[in-house]
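Asker: Kindly produce the complete structure, drawing on both the sequences and the hints.
Position 39 of the sequence shown, counted from 1, bears residue number 49 in our numbering, the numbering being contiguous throughout.
Worth double-checking, as some hints may not be accurate.
[Claimed, not checked] Here are the simulated distance ranges between beta carbons:
#: 1; residue 1: Val-84; residue 2: Glu-13; range: 19 to 27 Å
#: 2; residue 1: Glu-13; residue 2: Asp-101; range: 36 to 44 Å
#: 3; residue 1: Ser-30; residue 2: Ser-61; range: 25 to 33 Å
#: 4; residue 1: Asp-58; residue 2: Gln-81; range: 32 to 40 Å
#: 5; residue 1: Arg-27; residue 2: Arg-96; range: 17 to 25 Å
#: 6; residue 1: Gly-83; residue 2: Arg-27; range: 26 to 34 Å
#: 7; residue 1: Ser-30; residue 2: Glu-65; range: 17 to 25 Å
#: 8; residue 1: Asp-99; residue 2: Asn-42; range: 17 to 25 Å
#: 9; residue 1: Ser-61; residue 2: Thr-20; range: 23 to 31 Å
Hints listed in this document are in silico derivations from the structure and should not be mistaken for laboratory results. Every residue gets a Cβ at the ideal spot worked out from N, C-alpha and C, and that includes glycine.
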Amino acid sequence: MPEVTVNGRTFTYYESRTGSRAVGISANGVANSQHEYRFRPDPHTQRDYNSRQAEFYRAAAEAAAGLFTLQDGVARWPSDGAFSWRGQDYDLETR
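Answerer: Encoded structure:
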């Protein structure tokens with residue numbers, strides 16, 4: 011699975027296809043840190059998405075990783091966030 015490093019921590023991520031599209035992410039070496047964020051709007055409405063899916067999911071993973079905190083050894087993910095990709099703003103919402 012692909013990885014991104016944000017704020018000195020490495021995260022593994024994947025495209026989740028159950029129902030609406032989402033990015034699944036976890037902090038490497040942190041127990042119980044798996045989380046999924048779905049997108050609003052649907053990325054399929056953006057022309058570049060179909061030819062640049064890997065780039066899109068990397069951008070989404072980097073944004074999601076930036077939301078992660080570790081408090082007293084417990085993984086914390088806020089319920090929402092946002093990022094922009096190729097001129098389109100996307101909301102991240104906990105699935």
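Asker: Now look at each hint and say whether the structure bears it out.
Answerer: Hint-by-hint comparison with the structure:
1. For the pair Val-84 and Glu-13, the supplied restraint of 19 to 27 Å holds, since their beta-carbon distance comes to about 22 Å.
2. A hinted range of 36 to 44 Å for the beta carbons of Glu-13 and Asp-101 is inconsistent with their spacing of about 24 Å.
3. Distance hint check for Ser-30 and Ser-61: the Cβ-Cβ separation is about 21 Å, which falls outside the suggested range of 25 to 33 Å.
4. In this structure, Asp-58 and Gln-81 meet the distance hint of 32 to 40 Å, their C-beta atoms being roughly 36 Å apart.
5. Range check, Arg-27 to Arg-96: about 21 Å between beta-carbon atoms, so the 17 to 25 Å window is met.
6. Checked against the hint of 26 to 34 Å, the C-beta distance between Gly-83 and Arg-27 comes to roughly 31 Å, which is consistent with it.
7. Checked against the given bound of 17 to 25 Å, the beta carbons of Ser-30 and Glu-65, roughly 20 Å apart, stay inside it.
8. For the pair Asp-99 and Asn-42, the beta carbons lie near 30 Å from each other, so the given range of 17 to 25 Å is not met.
9. Separation of Ser-61 from Thr-20 is about 27 Å and conforms to the stated range, judged on CB atoms against 23 to 31 Å.
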